[in-house]
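Q: Chain residues, written in single-letter form:
There are 2 protein chains.
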Amino acid sequence: MQDKPLVIVISGPSGVGKDATIASMKKSGARFHYVVTATTRVRREGETDGTDYYFLSPTDFENKIRADEFLEYAEVYGNYYGVLKKEVELALNKGEDVIIKVDVQGARTLKKKIPEAVFIFLVPPSIEELAERLTNRNSDSQKDVETRLGKAAEEMKMIEMFDYRVINYRDDLSRTTDLVKAIVKAEKCKVVQRDIKL
Amino acid sequence: MQDKPLVIVISGPSGVGKDATIASMKKSGARFHYVVTATTRVRREGETDGTDYYFLSPTDFENKIRADEFLEYAEVYGNYYGVLKKEVELALNKGEDVIIKVDVQGARTLKKKIPEAVFIFLVPPSIEELAERLTNRNSDSQKDVETRLGKAAEEMKMIEMFDYRVINYRDDLSRTTDLVKAIVKAEKCKVVQRDIKL
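Respectively, the protein sequence lines represent chains W and F.
If you read the first sequence in the numbering used here, its first letter stands for residue 1, the second for the next number, and so on.
If you read the second sequence in the numbering used here, its first letter stands for residue 1001, the second for the next number, and so on.
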């Protein structure tokens, strides 16, 4: 098949299951370079620095912004999130396919920076189910949940920016993983292959 | 996901394994409407009329040409092959995904008639392996084999017309089937869906 590595961007509203999908991909043994996002948000229980996120202080993060070390970064709900250029470059240079997880705002930036990437939008089966997930997550206050839901409704309108959409059913993560893998396989069979330029 | 049915066109040089791939898809339980091609060529051992092909007399075939009953048809190596419009229409009206197997010449015609279809090109790992397959098939004379090989080399140049290419390894048909299924899954996740018009 093709030798050119792919950049896969996985995005979707907050609470849709982006982290769970990535975790399930890893568990299934799918070989990718999973880009670790840098963030200033508080570490949640069970999260490991360097694996789940690079947890940075606001000062460190802002220094990296000034040094132009981010492919994209954004402030979301008072916290910074960003994708380090170096992370993606190193993987691509090794010929590895790269998976980047970003919020919808980040996907929008990446669409401009790396239009050759494959953009996948995870969507909840319904706004009701998304509300339930966010509420059950416990890490967010009720006000946070409401803010996120309002934002999710806005973000759903940006679906046209994406190449693929995958409905993430809460009780069927393996289906989601299977579809993301199918998309990657299909992309690798495409006759027209595009070079990734960062 | 999407409700719009897909038309999948599977093509490739003679001897590449189109029939074997379709057979393997059927065996794997993949749910499609498999379009049966009409032909005037001699039935090979083990082939069933109405399942493998509609075996028609040259007169019957020519009557159907005149009645404009074919979506595409062509004369290849002295025999007619054609896809009956009705076959595809009935399946699409029922909302079923359709798989059409055609030679490269036929795919070219379908590309004009149904540009919204998904075009998959099966390719042999090498021309040498294709030569071996055609020779082992026994149904063709040595002269036939040479004609087909010359044509295959020409047909390989038409790959740009296709959306996807899948290398069909002779001893790994399940890989080919798996990739074709992945392509279909991915196509069903596409954000931009296109209506099929015959």
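These are calculated hints, taken from the structure and not from any lab test.
Treat the hints loosely; a few may be bogus.
Simulated crosslink set (DSSO-like; lysine-lysine; CA at most 30 angstroms straight-line) [said to hold, decoys possible]:
no. : chain 1 : residue 1 : chain 2 : residue 2
1   : W       : Lys112    : F       : Lys1085
2   : F       : Lys1027   : W       : Lys185
3   : F       : Lys1143   : W       : Lys190
4   : F       : Lys1143   : W       : Lys4
5   : F       : Lys1113   : F       : Lys1026
6   : W       : Lys4      : F       : Lys1190
7   : F       : Lys1027   : W       : Lys190
8   : W       : Lys26     : W       : Lys181
9   : W       : Lys4      : F       : Lys1085
10  : F       : Lys1018   : F       : Lys1188
11  : W       : Lys157    : W       : Lys181
12  : F       : Lys1018   : W       : Lys188
13  : F       : Lys1113   : F       : Lys1086
Q: Hint by hint, say whether it matches the structure.
A: Now the hints, each set against the structure:
This hinted pair does not check out: W:Lys112 and F:Lys1085 have alpha carbons roughly 43 angstroms apart, beyond 30 angstroms. Between F:Lys1027 and W:Lys185 the CA atoms are separated by roughly 21 angstroms; this keeps the pair inside 30 angstroms, and the hint holds. The hinted pair formed by F:Lys1143 and W:Lys190 fails the criterion: a straight-line CA distance of about 34 angstroms is larger than 30 angstroms. Proximity of F:Lys1143 to W:Lys4 is assessed by CA-CA distance (about 39 angstroms); at most 30 angstroms being required, the pair is judged violated.
Note on F:Lys1113 and F:Lys1026: the hinted pairing holds, with a Cα-Cα distance of about 26 angstroms set against a maximum of 30 angstroms. Under the criterion of a C-alpha separation no larger than 30 angstroms, the hint pairing W:Lys4 with F:Lys1190 is consistent with the structure, at around 22 angstroms. Restraint check for F:Lys1027 and W:Lys190: satisfied, since their Cα atoms lie roughly 25 angstroms apart, inside the 30 angstroms limit. Distance check on the hinted pair: W:Lys26 and W:Lys181 sit about 11 angstroms apart at the alpha-carbon level, within 30 angstroms; holds.
Of the pairs offered as hints, the one joining W:Lys4 and F:Lys1085 is violated, with about 39 angstroms between alpha carbons and a cut-off of 30 angstroms exceeded. Of the pairs offered as hints, the one joining F:Lys1018 and F:Lys1188 holds, with about 22 angstroms between alpha carbons and a cut-off of 30 angstroms not exceeded. Proposed proximity of W:Lys157 and W:Lys181 is supported: the alpha carbons are some 25 angstroms apart, at most 30 angstroms. Proximity of F:Lys1018 to W:Lys188 is assessed by CA-CA distance (about 20 angstroms); at most 30 angstroms being required, the pair is judged to hold.
Distance restraint check for F:Lys1113 and F:Lys1086: the Cα-Cα separation of roughly 14 angstroms lies within the 30 angstroms cut-off, and the hinted pair is therefore satisfied.
Of the numbered hints listed earlier, those contradicted by the structure are 1, 3, 4, 9.
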